[in-house]
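Q: Protein sequences appear in the order of chains A, B and C. Okay, so the first sequence: first residue is 6 according to this note's numbering, each after it adds one. Okay, so the second sequence: first residue is 5 according to this note's numbering, each after it adds one. Okay, so the third sequence: first residue is 17 according to this note's numbering, each after it adds one.
These aren't lab readings, by the way, just hints derived from the structure by calculation. For glycine and all other residues, C-beta sits at the position ideal for the given N, C-alpha and C. Watch out, some of these pointers could steer you wrong.
As the list claims (entries may be wrong) - Part of the chain C face toward chain A, derived, beta carbon under 7 Å:
1) Lys41
2) Leu137
3) Ile370
4) Gly496
5) Gln664
6) Phe692
Listed here are the chains, written in short residue letters.
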Amino acid sequence: MSKLHVSTTVNGDAVEYLCDPRETLLDCLRDKLNLTGAKEGCGTGDCGACSVTVDGRLVCSCLMLGVEAEGKQIATVEGIAEGDVLHPLQQKMIEYAALQCGICTPGILVAAKSLLEKNPNPTEEETRYWLAGNLCRCTGYDKIIRAVMDTAAELREAS
Amino acid sequence: MVEVHLWSGLRSLTGGQQVVEVKAKTTGELLRALVHAHPQLQAPIDAGVSIAIDGRVIATGLTEPIPEGSEVYLMQRLRGG
Amino acid sequence: MALDDRKSDFTFVGTRPNRPDGLDKVTGRAKFGADISAPGMLHGAVLRSPHAHARIVKIDTSKAEAHKDVKAVVTRADFAEVPFKPGLEGEFWNVLENVMAGEKALYDGHAVAAIAASSALAARDALKLIEVEYDVLSHVTDVDKAMAPDAPVIREGAADYSVPEGMHPNVVRYHESGHGDVEAGFSEADLVTEDSFVTEATHQGYIEPHACLGMLGNDGKGELWCTTQGHWIAQKTCAALLGIETSQLRVTASEIGGGFGGKTTVFIEPVALALSRKANRPVKIVMTRSEVFRATGPTSSASMDIKIGMKKDGTITAAQGVFRLQGGAFPGAPGDMTAMCAFAPYNLTNVKQIGYDVMSNRPKQAAYRAPGAPMGAFAVESVIDELCNKLGLDPVDVRLKNAAHEGTKASYGPTYERIGLVETLEAAKAHPHYTAPLKPGQGRGISCGFWFNHGGETSVSLALSEDGSAQLMVGTPDIGGSRASMALMAAEVLGIPYENIRVTVADTASLGYNDVSHGSRVTYASGLATIKAAKHAVERLCERAATKWGIPTDAVKWEDGCAVPSGPNAGDFDPMPLADITADMGSTGGPISGHFEATPEGAGVSFGTHIVDAEVDPETGKTCVTRYTVIQDAGKAIHPTYVEGQYQGGAAQGIGWALNEEYVYGEDGRLQNSIFLDYRIPVASDLPMIDTVIVEVPNPGHPFGVRGVGETGIVPPLAAIANAVSNAAGVRMKQLPMSPPRILAALKGNG
Chain A
6 MSKLHVSTTV NGDAVEYLCD PRETLLDCLR DKLNLTGAKE GCGTGDCGAC
56 SVTVDGRLVC SCLMLGVEAE GKQIATVEGI AEGDVLHPLQ QKMIEYAALQ
106 CGICTPGILV AAKSLLEKNP NPTEEETRYW LAGNLCRCTG YDKIIRAVMD
156 TAAELREAS
Chain B
5 MVEVHLWSGL RSLTGGQQVV EVKAKTTGEL LRALVHAHPQ LQAPIDAGVS
55 IAIDGRVIAT GLTEPIPEGS EVYLMQRLRG G
Chain C
17 MALDDRKSDF TFVGTRPNRP DGLDKVTGRA KFGADISAPG MLHGAVLRSP
67 HAHARIVKID TSKAEAHKDV KAVVTRADFA EVPFKPGLEG EFWNVLENVM
117 AGEKALYDGH AVAAIAASSA LAARDALKLI EVEYDVLSHV TDVDKAMAPD
167 APVIREGAAD YSVPEGMHPN VVRYHESGHG DVEAGFSEAD LVTEDSFVTE
217 ATHQGYIEPH ACLGMLGNDG KGELWCTTQG HWIAQKTCAA LLGIETSQLR
267 VTASEIGGGF GGKTTVFIEP VALALSRKAN RPVKIVMTRS EVFRATGPTS
317 SASMDIKIGM KKDGTITAAQ GVFRLQGGAF PGAPGDMTAM CAFAPYNLTN
367 VKQIGYDVMS NRPKQAAYRA PGAPMGAFAV ESVIDELCNK LGLDPVDVRL
417 KNAAHEGTKA SYGPTYERIG LVETLEAAKA HPHYTAPLKP GQGRGISCGF
467 WFNHGGETSV SLALSEDGSA QLMVGTPDIG GSRASMALMA AEVLGIPYEN
517 IRVTVADTAS LGYNDVSHGS RVTYASGLAT IKAAKHAVER LCERAATKWG
567 IPTDAVKWED GCAVPSGPNA GDFDPMPLAD ITADMGSTGG PISGHFEATP
617 EGAGVSFGTH IVDAEVDPET GKTCVTRYTV IQDAGKAIHP TYVEGQYQGG
667 AAQGIGWALN EEYVYGEDGR LQNSIFLDYR IPVASDLPMI DTVIVEVPNP
717 GHPFGVRGVG ETGIVPPLAA IANAVSNAAG VRMKQLPMSP PRILAALKGN
767 G
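In isolation and in its complexed conformation, chain A is listed as follows (with noise of 0.2 Å):
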């Protein structure tokens, strides 16, 4: 089968890579990008450890082709620290100890963030529902929901 070209824009960079019309845009992004911070847990959108956004919105680029990225604005977890300066969801993440074996991390940061652009003062059961397409199995997400809520409080202040 003959690969299409596609020309997309990655966290702020344009990029091209040709790819099978089957391919998924996680597999473009992590075999022909080289972008592994998006991990495929189960490749049927029920995970969310695959969670970026295309042009704003929160998706599971397992569900995505990579031929349906042709112009859009694709922002992954290799894209949320600012040079060397971590985001605070990041920061939050790491001193609540709301990681064990970090595999859904990425994807709880990426949708993390998308909530917290939407909804600067989410509640607990908003950001319990907000995160319901993110599975972890390993912290119970007590921490992770307490990291984000945190992290929410402290960006409020700051503004």
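Once you have looked at the hints, place chains B and C on chain A.
A: Chains B and C in isolation, oriented as in the chain A frame:
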């Protein structure tokens, strides 16, 4: 002499005995002495056993000393997740 | 200096610093199993049986081999001959037979052939070109049916010495233990309750699927990168299955995206190496989620009968349990562990326990956090709860009355050393949760739980740098923050800042053998080894200081990161900091390192008590856990935040097991729910915050008092939740998971 308490499932291999007395100063000697006394115990030992000395479970070690008068239990080898 | 005195005042241990690998893991740069590639790499894919039980008549790979994108095809013939032995004695054979089917496919999803091709898509497409002729056999997936006289035989000769005569060949191991006279005990009781319980198989559910990259030449030398709880066991097993020397295979553990026991063995690793050997190129294999569910280790399912006698004052007079565990098409279901752990929290005069290991046409069970213990606790603690209800007794008081303590003869035989069960129960009783009012429709449950913990073979090496920093190499993959606890323990001994210690999970070529990260052993055993390796380095440091000062070595001691004279008679010298000694170590005797290799044998058992509130919706049968408190003895919490994390994670997995998760097999023997949509693990909106209380009753077998904490936390939840739900619903729940349909059926059955 050391009194070795077996788990009751092993009685069929020792002619009904659940406590076997052997001479041993270490865990390795103890296993050899058990097989010497009851050759059929080779099978469970090959399958994996642990030894509890005064309540401390020795998972695999064959060189652990067995103090005089200590309580000794043979246990199935522990496996973790 | 005294090396084995147990420490109780700490500078670093017990603090909560950021983990050393935090930055890597929040920026996406940490390399997990699937995050690696190699020049010239091929992609592997595995063909799996669609049948639960079938004789493999013929495999025709010619069409696949002829395809231009396909570089290698392997079947069982491409692996070494490994001797078959009964029970667990022939574990290499069992693993090989699971990794690649021999004469029969034994479960839905069993690997029968594999392909390496130029791309992942090409490999997947080419699987369709392999033609397998099956002779389909009758199958069995239920544990009780697998023991029945008319059950299909999975494999003759798999039973070991322990199985009594006359049992079905699917019963492959048998355990019986206990003490006293249970019949006499039952006759002394005021009330005897007898009941049967069932739990379904659940999966460890790690979010990272199995992934590996293998390279093997026909010179027998190879490299393997894989996500694993133990790269030495992967090395040893792959070498045996491929017929190469262990030392010629170097294995590097990737960062690991969860394991919980499920990554303590190999699945695709030997297959990638066999394909690589044939194609003479590196081969990467990554499992799909569906493959993970169908072909990697779920836990055992269980069917159990419990009988307990109690006096009116709550004293247990006798306890008896029969535990039948199904472990898939291979020996290994932990019926023995279930039996030994089930009554371990209690001081019993009369106790008897029987465990069966039963084979069926399901995937080979793998360890899952305290393997075997949660099911037994569910059954036993449910009956104790029922007795408390019937006799009108407080469930914590009854457990306190019967609780095991130092000097109690354990249900599995030996006498307990110092243990912390009573402390967890007293903490439960004093916790505000225990007396908080319940709303209508809510119920409260409590349960105790026990797990042995493990030591295991351990090698650790610590090297000091000229600038006074330290590199610590351990061999136990970091699943939950263990780099942090290792660095804390090394800092404690060396007296240098936590941040100055770099902890690396070394590959198999860099250290001696290390047992798997399992059995809650890492903080205990690698921690003990780290402490001893650091003390070994400190001895060297003291020697150098002594030489510099011109005094005997035994006149020098180590304090707060400095060599100091051991007393006023030793001489009057200023403290010499570590960095002053290492600065010129190259010219004062050479590099300074410490190391430790041993099999620590003092893991120390541990106990926990959980309190759960649950609310049951009588119309839908849906259960909501509204409050959860974990109380557990950690011995000594090295990094308390990560200890809390283990407690919370165990509780969350227990909630999934109790309420939702199960392997569902169809009449055709095929797994019906092999994706996360259908096998639903708890999500953030399902759970409350999980409160924790860390009890510290030091383990006499560890220099800092550590007991393992990883596994015990999953033992009480099934029972605690079942007790809460039963109390809320007013009907005893005897089958897990307590899914809405089962709760509705129970409510209906109760009128």
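Q: Would the stated hint for C/Lys41 survive a check requiring a Cβ distance to chain A of less than 7 Å?
A: Since chain A brings a Cβ to about 4 Å from C/Lys41, closer than 7 Å, the hint holds.
Q: Would you settle whether the hint for C/Gly496 is holds or violated, based on the nearest Cβ-Cβ distance to chain A being less than 7 Å?
A: 4 Å, holds
Q: Under the criterion of a CB-CB separation shorter than 7 Å, is C/Gln664 in contact with chain A as hinted?
A: 4 Å, holds
Q: Please verify that hint: C/Leu137, Cβ, nearest Cβ of chain A, below 7 Å or not.
A: At 6 Å from the nearest chain A Cβ, C/Leu137 passes the 7 Å test, so the hint holds.
Q: When the nearest CB of chain A is found for C/Phe692, is that gap smaller than 7 Å?
A: 4 Å, holds
Q: At a threshold of 7 Å, is the proposed contact between C/Ile370 and chain A supported by beta-carbon distances?
A: Result: violated, 33 Å to nearest chain A Cβ.
Violated hints amount to a single one, hint 3; each of the other numbered hints is respected by the structure.
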